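Colleague: Protein sequence lines, in the order shown, are assigned to chains V and Y.
Letter by letter, the first sequence follows residues 1 to 246 of my numbering.
Letter by letter, the second sequence follows residues 1001 to 1212 of my numbering.
Please note: incorrect hints may appear among the correct ones.
Quick partial rundown of chain Y residues pointing at chain V, CB under 7 Å, derived from the structure [claimed, not checked]:
{"id": "1", "residue": "Phe1058"}
{"id": "2", "residue": "Leu1059"}
{"id": "3", "residue": "Pro1060"}
{"id": "4", "residue": "Ile1110"}
{"id": "5", "residue": "Leu1149"}
{"id": "6", "residue": "Thr1152"}
Calculated from the structure, these hints are not laboratory results.
In this text, all values refer to a predicted model and were calculated from it rather than measured experimentally.
Note that the Cβ used here is the ideal one computed from N, Cα and C, for glycine as well.
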Amino acid sequence: MRQVVALDAARTPPDRDAVLRGQGIPAGAEIPSRVQRVIDQALELYAEFAEPRGIFQETSSSDFQSIYAGEGLNAQRTPLERVFPRAQRLALFAVTLGEAVSREITELFGRNEPTLGYTLDAVASERADTAAELIADLFLEGLMREGRADSDARALAYSPGYCGWHITGQRSLFERLQPQRIGITLNASCLMQPLKSVSGVLAAGEAPIHDFDNDFDFCDTCSTYQCRHRIATLVGTRRERKPEGG
Amino acid sequence: MEILQQISDALLRGDDERVSRLTGQAIDQQVPTSAILDDGLIAGMNVVGEKFRAHEIFLPEVLLAARAMYAGLTLLKPLLLEDEVPSRGRVVIGSVQGDLHDIGKNLVGIMLTGAGFEVVDLGNDVPAEKFVDAAVEQGAAIIGMSALLTTTMSVMKQVVDLVRERGLAGKVKVIVGGAPLSGEFASEIGADAYGYDAANAVERVKALAGVS
Chain V
1 MRQVVALDAA RTPPDRDAVL RGQGIPAGAE IPSRVQRVID QALELYAEFA
51 EPRGIFQETS SSDFQSIYAG EGLNAQRTPL ERVFPRAQRL ALFAVTLGEA
101 VSREITELFG RNEPTLGYTL DAVASERADT AAELIADLFL EGLMREGRAD
151 SDARALAYSP GYCGWHITGQ RSLFERLQPQ RIGITLNASC LMQPLKSVSG
201 VLAAGEAPIH DFDNDFDFCD TCSTYQCRHR IATLVGTRRE RKPEGG
Chain Y
1001 MEILQQISDA LLRGDDERVS RLTGQAIDQQ VPTSAILDDG LIAGMNVVGE
1051 KFRAHEIFLP EVLLAARAMY AGLTLLKPLL LEDEVPSRGR VVIGSVQGDL
1101 HDIGKNLVGI MLTGAGFEVV DLGNDVPAEK FVDAAVEQGA AIIGMSALLT
1151 TTMSVMKQVV DLVRERGLAG KVKVIVGGAP LSGEFASEIG ADAYGYDAAN
1201 AVERVKALAG VS
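Kindly generate the complete structure, drawing on both the sequences and the hints.
Modeller: Have a look at this one:
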């Protein structure tokens, strides 16, 4: 199964709280009217420039094993190496918001509009993650329609460059998925262009397969805690191990 | 002087139009340019920095203040040159070769300008030689590099090595930053400093430049 899809829902700007969180502003903080106006402008610009689209392609566990192994640079222990063998179905994926948003962000900085550029960047980063969630939903819906996934299955995205999956894994992933079809290219340092793009594997299965303790070496230097939020959403638990000194 | 306090207050509110207007008035009143810079604009940015570190304000407000600072500096610059007021220092910045992320680097550039430094922004995807060549050509005492990818961090070591090979160690100092970096990495490659975020990078650059 390979599908190229327009992700219209990702065109919708996120709510203001999400933008504020993306800028490191905690809930309930007093926001000056000047900053509020900048957020309004950034949301308008996002709606104007974003062109979200995605591609996914189902893959087998054995195929993914070789893609995941990549160039042999992954961490010795990773959550994904425990997740994917237990998944019912796997798919490679890539999503992008298109080049225009990234270009606008750069141009805003060039025009001495750093606050607006930074805010638009926060909006776009949040929407790129949302686009990955949307394509995970599409993958899962398709599987359920075809009766190839349990009704209580959940699909989550995992990406090279995070949680021990080395970023050079992008090369084998791109070779197989060919996201160039939706305008995403990879440079020599494994950086995707357009910048506001996300790629990786979608793992669909029962919610507990996505659960893990954050006791890996790389967790000590992680500042996102994104995995804790995702696991809490799926299985209602949020076991946390704070980094040393954190 | 009241007008300098007003400039500082307007800058804290991120009101670029008012900062520009008040700076113009101060110039017309023949307030010394160094006083407008130090006791108005930089004093205001110092308060912004303190409030940011105390989590009383957040990055968007710092950026609005930096933009207001720029509005005032634009008017002051020709006079600073005329009066030969020394700059706080020149800093060459860029994202290293292979890396096209520039938000972090841009934030550092804006905040360094706000702190009174002259910034030479080489952009992104910058080869090692270009950093060192630019520092020599521009007479910069500090090179600042940003990387967001583990695959591009090695370019930073190339720059540190080049600085040494060309006999510039001690004359040109190197600061690095970016999500995958750490203080340990900076030490390992022989960089002079590591900035864990844009505001911290400015503090580190000030320390490297020996200014408060």
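Colleague: With reference to the structure, classify each hint as holding or not holding.
Modeller: Hint check:
no.	hint	verdict
1	Phe1058	holds, 5 Å
2	Leu1059	holds, 6 Å
3	Pro1060	holds, 5 Å
4	Ile1110	holds, 5 Å
5	Leu1149	holds, 6 Å
6	Thr1152	holds, 5 Å
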